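Participant: Next come the chains, spelled out residue by residue.
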Amino acid sequence: MSALFSLQNWFLETVGIVDLETLKNWFTYNPKQPLLFNSALFLGLFLIFYAIYILSRKTHYFRITYVVLFSLFFYYKCSGIYFWLLIFSSVVDYALSRLIFEETKQGYRKFYMILSLLINLGMLAYFKYTNFLIDNFNTLFDGTMKFEDIILPVGISFYTFQTLSYTIDVYRRELEPTKSFMDFLFFVSFFPQLVAGPIVRASDFIPQIYEKLKLTKEDFNRALFLIIGGLIKKAVISDYISTNFVDRVFDAPNSYTAFENLMASYGYAIQIYCDFSGYSDIAIGLALLMGFWLPDNFRTPYQSGSITEFWRRWHISLSTWLRDYLYISMGGNRKGKIRTYFNLFMTMLLGGLWHGASWKFVVWGVLHGLALVVEKFFGQFIKLPKNIFIRTIQVVLTFHFVVFCWLFFRAKDFETAFQVIQNIGKLTFDFNQWQTIILGYKNVFLLIAIGVIWHFIPVKGIAFMQKSFSSIPLLVKAILLGLIYWVVYATASAGAQPFIYFQF
Amino acid sequence: MNTSKYFFQSLAVVVVSTLSFLAFKTFLPKKLFSEDIASSKNIVVDSLLLEAIAEDGDLKSEDTLTNITIDYKITNGVKFPTETFEDYTGNQYLVTFFEKLFQLETKKEGNVRIAYFGDSMTDGDLIVKDFRTYLQEKFGGQGVGFVNITSESASSRSSVTHEFSGNWKTQSYLKVKRPSRAFGVNGHVFFANDTANVAWVKYKATKTKFASELPRPTLFYGSSSNKEGKVIFVAGDTIVKKLTPNNTLNTLTLSEGSLKNLKVNFKKADSIPIYGFNFDDGKGVHVDNFSNRGNSGLPLGSFDINTMRAFHVKLDYDLIVLQYGANVLNYGTLDYTWYEKRMTKVVNHLKECFPGVAILIVSTADKSTKYDLEMKTDSAVVPLNRAQKKYAIKSEASFVNMYTLMGGDGSMVKWVEEVPSKANKDYTHFNHRGAKEAANLIFTQLNQGYETYKALRKKKKPAAPIKKDSAIIKNDSVNEE
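Chains as they are written, first to last, in our numbering: chain A, 1 to 504; chain B, 1 to 481.
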């Protein structure tokens, strides 16, 4: 009895008191607390969800409906009432794709296709770009149009692209539609990749719905390995360095030394990679645990020797999507050299705009687009010898170009971006100063260093680590995962490091 | 069946990992990364603050002030209504300042000068820049006021572009207890002791309202036996002027008119204490920003009385604003009796240094700290805020409660999370937008006090002309050299 009592006490201490208010918070939408994979609430929900999921693994309709409901709840926790939007666009896309599939007259097929594009891109444009357009209109014509009070539905850019791939594939007769609406909704709303990718192709995913659910030993180990790595990248490295260093410098670059500006720029490159790829890894891992395969999204992109290579390794599901549905639709490389360059450039420009409704994302896309064009152009004439020396120079140059472009991506406006650039320009070699700054922010720099080293571990090294992980006993794996949760928790509970004033 | 095996293993992993997490959470420390700052000679920490905590940190407060009502004595025929501790503003102590504003507004006579002392909250002229603009909009005046020779935050200052050579020797009241020569009103003293390379300083006006020019640039410097010192600068032609360091404080006006930019080289000026440049047009209101990252306010107690009085003769301050607190919050104490005691002394010392000046204390702003994964108002904010109000009352200074004005409990979290945000992610400092709002809050309270003063002034009986209680002969513009 006393053992039970102390267990109860322990539960109260570690989990907290579960009263009606807490319970309500768990199940209602709070815009300030979207449901993230790295939250305790998600862990608890997934635990219960997963138990029922595997018990129902042999059913189809029940399981599919069950996952759809959970996914819609998940989306509701992230975006509130907008889960209706998700259902609405699914209904429209499912119906139009059916029509496209069953229709034989090319003219009608094209009409349905264009209608679907207009609806999907129209919604994306309304929610994401209305205020951007108003702002530009006002600037150009001295207008006084008021901004609309629009809240961006979480993940709309991701799921719009996903459903577009479905409709276009059906139109291209490369894919058969799903057998039922529920199956389609399952594809659209599948919670692991719903809000932050990877952008899953209908042709990759839909066939899996109809296969027998299975989880191999390799997939099981890979899933845990990805989740552990993803948690560390997203919730430890990225979250800590952003709040304690990068955000501050980008808030007021002129209040910091040249070295701090430079380090914040590098730091942001690590932060965005860890944040994004970490979240993708967790998504891929969770999907694997549920018996679904999602495409790889990142392959250590900062190891790239050119921008062309970078885009084969960074946010792969987006860059291949843009290639297959935008670049190729514009004519790709089939219409002569000049058009190829133009198509490449436009794809990157629009790709930039996809990331956010602001000119700074356009500039970011344009810079990458120009780099791709320049590389393609000079690639015809210059063949560099392949050796480690040349490769190192290429990697260093590519990395710095990418970091430079990130400045526009991260800074809140062009003014701030130029301030950072100007400040870095004042950098002088001063070892003592650098050492003091590094020691002052030792946790931050330690995490940045871990991020960099991790990134440059060769593929073989990672494979070895994964193999070693696979061979440890199940119980140890579970405890290790629990330890990682604690690391995430203990990082998140650290308050913001107090402000440090350096004086040199 | 084999394929199902790993589903159940996965479930087992999720369950066991969750349980072991709860166990780890019980036994392992709560925080992975400490929030302590590494010590280093290059990290600015106010040395007087550390001393004060070491000596008096364990003083216990005697709460005698918080229940009283404050009944004022008549000053110059004006008496503000009684106030309680909770709503204390101390406008009564600004009567002489208000009267100067009144003369300025109604008769366009005289001018008003304010010294705004602060910490990193006012770094880069944040808050003060906007406060100055609000005042100059209403009462006139051009120029950014007094500017240092070197400053750690020069690059973040938008109201004047400020650059300087790296060979200045700088002494700051934050780091040096006994400077080789007395500190200036800015808490600093600079020396051009490098004989091999010329020491220079450069100012350029920006597009800031009321500061788009550098009116009447005037150098302030102290006494020295070195009579060889010269300054060389360009104002149309290249001009060379001799420094005559004969008095405690000397001034040299480089141009009677306004310049857009100014670069001054110092030649053979070693050992002459250089303080800085003043830019004002002699009319309206001028506000000097004396901000210092890391300052607790205590270093102001080390001002040399004679030197300050010399500054007061030249600059004629009417109001001193003290905005401190951000650097006093992080020392684990919740009883600020030690700080209250010492700051009372500081304020009284300032009154001795600048006879007749009115004092305004701006309290700490809200600051958040993470408690159980959630950002909340730091538990030290309210005690510090009360201590600041207490020393304001004790030393007869007026008081702006920045913490309640910005929204009280939890307001910093709102300022940070609002779109567009008004404060930085360190949950301590305002950004440009927030600083402007903070300046507006301060100005609004001051202006309300001023309007009340005008109303009260109307009611008073026509009396003899106001006598100044200052022993010093005041001169409303900067003296000729």
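The set of hints was computed from the structure by calculation and includes no laboratory data. Small disclaimer: the values here were computed from a predicted structure and weren't measured. Just to be clear, a hint being listed does not mean it is correct.
Below, computed lysine-lysine pairings styled on DSS-like, alpha-carbon distance capped at 25 Å [as the list claims (entries may be wrong)]: (1) B:169 with A:426; (2) A:442 with B:370; (3) B:207 with A:32; (4) B:207 with A:426.
Participant: Each of the hints needs a verdict: does it hold here or not?
Facilitator: Hints, one by one, checked against the model:
Between residue 169 of chain B and residue 426 of chain A the alpha-carbon distance is near 21 Å, which keeps this suggested pair within the 25 Å criterion. Pair hint residue 442 of chain A plus residue 370 of chain B holds up; C-alpha atoms about 20 Å apart against a cutoff of 25 Å. Distance check on the hinted pair: residue 207 of chain B and residue 32 of chain A sit about 39 Å apart at the alpha-carbon level, beyond 25 Å; violated. Note on residue 207 of chain B and residue 426 of chain A: the hinted pairing holds, with a Cα-Cα distance of about 23 Å set against a maximum of 25 Å.
In terms of the numbered hints stated before, the structure departs from hint 3 and from no other.
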